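*Asks:* Construct all of the structure, not just a fragment, from the sequences and the given hints.
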Amino acid sequence: MYRAKQGEPCSKRPLLECVDLLKRSRAAFQAGRTLKETFRLTQLEAVVKMIESNQNDFVGALDKDLHKPQFETIVSELILIKNEATYAMTNLNKWMQPQSVEKNLSTSLDQCLVISEPLGVVLIMGSWCSPVQMCLVPLIGAIAAGAAFFFFKSPLTNGHSGGQSLRIVLCAGNCAVISPSVYTTHTAQLLDRLIPSYLDNECFHVILASMSDLPEVAELKFDHVFFSGNGQDGSRIARAAARTLTPVTLIIGGKNPCYVDQHCDLDATAQRIAWARFHNAGQSLVAPDYILCHTDVKEQLVEALKCCITQFYGSTPEQSHSLGRMVNREIFNHTRDIIWKSGKVAAGGQVLEAEKYIAPTILSEVAESHAIMQQEVSGPVLPILTVANVEEAIAFINGHEKPLCVYVYSSNKKIVSKMMSETSSGSFCANDSILQSVMVTLPFGGVGASGMGSLHGCYSFNNFSHKKSCLLRSTGFECVTYLRYPPYDDRNLSLMAWASTLSQKSQGWCQIL
Amino acid sequence: MDAQKKIVDRLRTSFRSGVTVPEQFRRTQLNNLIEMLKDSEELILDALHKDLAKPKFEAILSEIDIVTNELYYAIANLSSWMQQEYVSKNLATKLDECFVKREPFGVVLIIGAWNYPLQLLLLPMIGAICAGNCVVLKPSEVSAATEAVLAELIPKYLSQDCFAVVCGGAEETKALLQNRFDHIFYTGSQTVARSILQAASIHLTPVTLELGGKCPCLIYGGVNTTSAARRLVWAKFFNAGQSCVAPDYVLCSAATRDLLLPEIQKALEDFYGADCKKSPDFSRIVSPRHWCRLMELLGKTSGKVVIGGENDQKERYIAPTVVVDVAEDDVLMAEEIFGPILPIITVESLEKSIDFVNSKEKPLALYVFSDNSSVVRAVLESTSSGGFCSNDGIIHMTLPGLPFGGVGASGFGSYHGRWGFETFSHRRACMLRGWALERLNGLRYPPYTEEKLGWLRWTASPKTSCTLM
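Those protein sequence lines, which keep their order, are chains C and D.
With the working numbering, the residue at position 452 of the first sequence is 452, and numbering never jumps.
With the working numbering, the residue at position 215 of the second sequence is 215, and numbering never jumps.
Among the clues, some could well be false.
[Claimed, not checked] Derived contacts from chain C toward chain D, CB cut-off under 7 Å, selection only:
| # | residue |
| --- | --- |
| 1 | 235 |
| 2 | 447 |
| 3 | 485 |
By construction, these hints were calculated from the structure, which means they are not laboratory data.
A quick note: this is a predicted structure, and the numbers were derived from the prediction, not measured.
Virtual Cβ for every residue (Gly too), placed ideally from N, Cα, C.
*Replies:* Structure, rendered in structure tokens:
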């Protein structure tokens with residue numbers, strides 16, 4: 001752990017520390033430290049062990065940071081991470097297989113493969129809403145990624161008659177520098193303490209840096225930068241990474257719209273929306289941020305949502321053990337101030353300053369011009385706008401930036417289909433929320449203003465790998481290759497064109513070269 | 001500039017109308033491109049000859065045919081690429097539809113380069129069309145004749161509401177980049193790439209960068225020097241060495257070099273005759289500025305020119321040239337050569353060669369010539385590059401099944417074949433649920449209890465291996 005020298009400005013610390021850690025990670029990577037056959041599996045197992053053995057510490061830290069109920073911590077952070085790691089371990093072998101590709105006439109005797117390579121050292125900057133998950137899920141991807149299993153056949157001209165010798169080569173995984181959000185200080189410190197005890201100390205490091213320092217960190221020469229958070233910070237990070245031509249993955253929060261149609265199971269709708277919205281005290285990148293409700297069902301929806309709040313949190317939610325608190329004073333103040341400026345408070349609205357508590361709140365009669373619709377808002381507040389029909393909802397959604405998620409609640413398959421095909425977003429879910437962003441088999445990521453790149457399962461693996469195309473030829477057979485050499489001959493060209501068309505008819509394409 | 005903004009706005013309006021999304025529209029554009037190439041082959045070949053003195057054979061192979069093949073490949077596979085990809089589900093989602101849907105980004109900008117002015121613009125464009133995007137093409141102004149031909153032909157064959165060509169130089173490109181695009185695809189240099197990435201970061205626009213680099217060519221172990229020399233010479237001097245994937249320099253032992261040189265000489269004579277300048281099959285340098293740059297390198301090198309060196313400023317001709325005794329810090333090793341000059345650096349051992357390669361930026365392509373499979377394996381597993389080819393050069397990028405792209409300093413992202421389609425698509429996760437199983441859902445709702453947690457943990461256990469959440 002870096003020890004500051006006397007008088008050294010605090011802000012310099014993370015950067016200096018990071019330069020050193022990056023150097024060590026890169027040296028470890030280049031020395032082939034991640035090359036050992038079982039390295040990646042061991043590291044992934046270590047992540048699982050870290051989660052399992054320290055459950056109470058994680059629950060405690062998130063309780064201090066977000067007053068997160070133990071249930072939520074276990075289900076939405078710990079189990080999720082464990083699943084991701086287990087899934088990666090189970091499928092690593094499959095993902096590592098080189099992809100054989102279709103060959104053409106000229107390469108029919110060659111090996112044409114796509115193999116996955118690690119990128120090197122990845123910088124992971126997690127967001128504060130899901131502070132453990134947003135660091136460890138990309139970390140799992142980075143560890144798993146890039147390994148390549150490849151079978152190497154020796155060329156026939158090498159004097160090996162008949163059979164071919166197979167060699168299995170296992171390549172490295174990435175190294176990583178992890179920067180958990182300092183908003184959730186206890187969780188960040190926990191990760192800072194635990195990661196060195198479980199993961200390889202030369203390859204994986206934690207730094208504690210504030211958002212203002214992170215762009216400078218991102219400017220150091222990493223091989224990939226992962227960031228989750230808001231758009232302004234995301235843009236700063238992207239700009240910093242641009243200086244070193246470093247590819248980035250950005251998961252950017254915004255405002256996720258949710259259309260509620262007149263034909264839907266209103267009770268289930270209200271329950272699913274309320275759960276998604278008030279989970280983690282509304283501090284989520286993927287919860288529905290506002291409702292576009294069909295005029296016919298607006299009143300019923302508000303009533304049903306009110307019932308859910310009571311059902312979930314009782315009549316005095318501030319005493320419920322199932323509700324979290326705002327992460328810090330700044331965000332608490334921001335949300336509290338906005339509540340009374342936007343529409344009508346149909347439920348909730350109460351706050352407790354000392355606890356940074358905001359009651360689950362429903363705002364009705366909200367208009368686009370209201371404060372809550374003009375900016376990103378974190379907290380258990382659900383604004384409801386009214387629309388005449390699905391077309392109006394779609395027009396509204398398309399008049400704004402592409403969000404991480406678009407939600408629709410409707411029993412009418414045509415409406416669902418329309419909403420899906422006429423809007424764009426990172427992900428889409430009909431008749432529920434959030435679930436589509438936690439499945440290991442579905443990609444989680446944004447598009448447009450909500451970001452680029454994706455996570456989970458094989459998507460993480462691919463995100464942190466380089467797909468290297470490999471053509472392995474022998475010099476033995478000149479085959480059709482001679483046709484391409486000068487002196488150029490129209491006859492050779494015709495021959496190649498003729499062979500091309502032959503293949504086109506049978507395969508639809510060919511390149512004779 | 002206003003005119004450019006109007007173009008981008010027009011394309012965006014078209015995209016929003018949904019016209020580029022149906023498969024039929026995409027197919028029509030692809031078929032129209034095939035027609036365009038068939039109808040205008042002579043026009044295009046003329047322009048390529050004006051720009052680069054490209055021999056007709058090279059132009060057909062590396063510009064027209066490669067694009068035509070990609071078009072046929074895309075047409076044959078488009079339907080399957082566009083299919084929704086269903087994924088495996090867990091206990092909670094058993095009754096649901098979970099799939100990944102490919103969606104277009106919107107309006108994409110493709111910036112081409114001058115060395116393969118047609119291919120480097122149209123191959124990515126094919127991927128963008130297949131994915132359902134509108135496209136703004138920005139050809140390189142350095143290959144001015146091809147730029148003019150494309151500006152004339154594209155509006156004739158493709159929908160003018162959805163595709164546009166913007167011409168001009170650095171100023172026009174800078175102005176163009178002030179507009180918001182939904183994806184930017186750039187082929188060219190690192191310096192320009194940096195400013196493109198910075199402009200893109202304002203709108204969080206994803207970018208694909210196809211950059212060059214010095215592609216090393218290692219020759220170790222036993223090798224059939226005649227074959228190796230022919231393939232090396234072909235790959236190096238095709239388009240007069242102006243290819244981003246041309247072998248930039250050779251690393252080999254002194255003994256190998258001595259065996260190789262006469263074979264290279266022979267191959268050159270076989271290909272271009274005794275006087276290369278008279279051969280109609282050898283290209284010229286694209287511009288006086290690049291000719292001067294290359295001549296300056298030859299002038300400043302401390303290596304020894306053993307083959308070639310002849311030149312003619314008026315014709316922008318530089319003979320295929322081989323330089324030996326090149327030190328690691330020679331001026332020829334400072335940056336990508338991009339011309340018909342081949343330095344040979346003598347490094348006795350394979351290990352030292354690999355170290356040398358790894359001390360430099362990751363290149364777009366890496367080559368090794370060897371009959372010894374363990375040599376090829378050693379290089380493949382200990383180095384990183386965009387692409388890799390053993391015992392040949394360049395041709396790994398002609399297979400549509402292989403992704404073509406860089407890593408590290410040579411760029412990120414890839415295209416060709418399905419890879420192009422994926423590069424220009426957004427993979428949207430979709431989950432369509434019903435109302436059933438609300439009781440199962442109930443396990444996740446507050447008030448939280450130990451009992452509910454127990455059930456959820458059971459469903460997430462390795463035996464059932466799923467997440468209910």
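*Asks:* Hint by hint, note whether the structure agrees.
*Replies:* Here's how the hints hold up against the structure:
1. 235: holds (6 Å)
2. 447: Holds, about 4 Å.
3. 485: Since the shortest Cβ distance to chain D is 6 Å, the answer is holds.
In summary, this structure violates none of the numbered hints.
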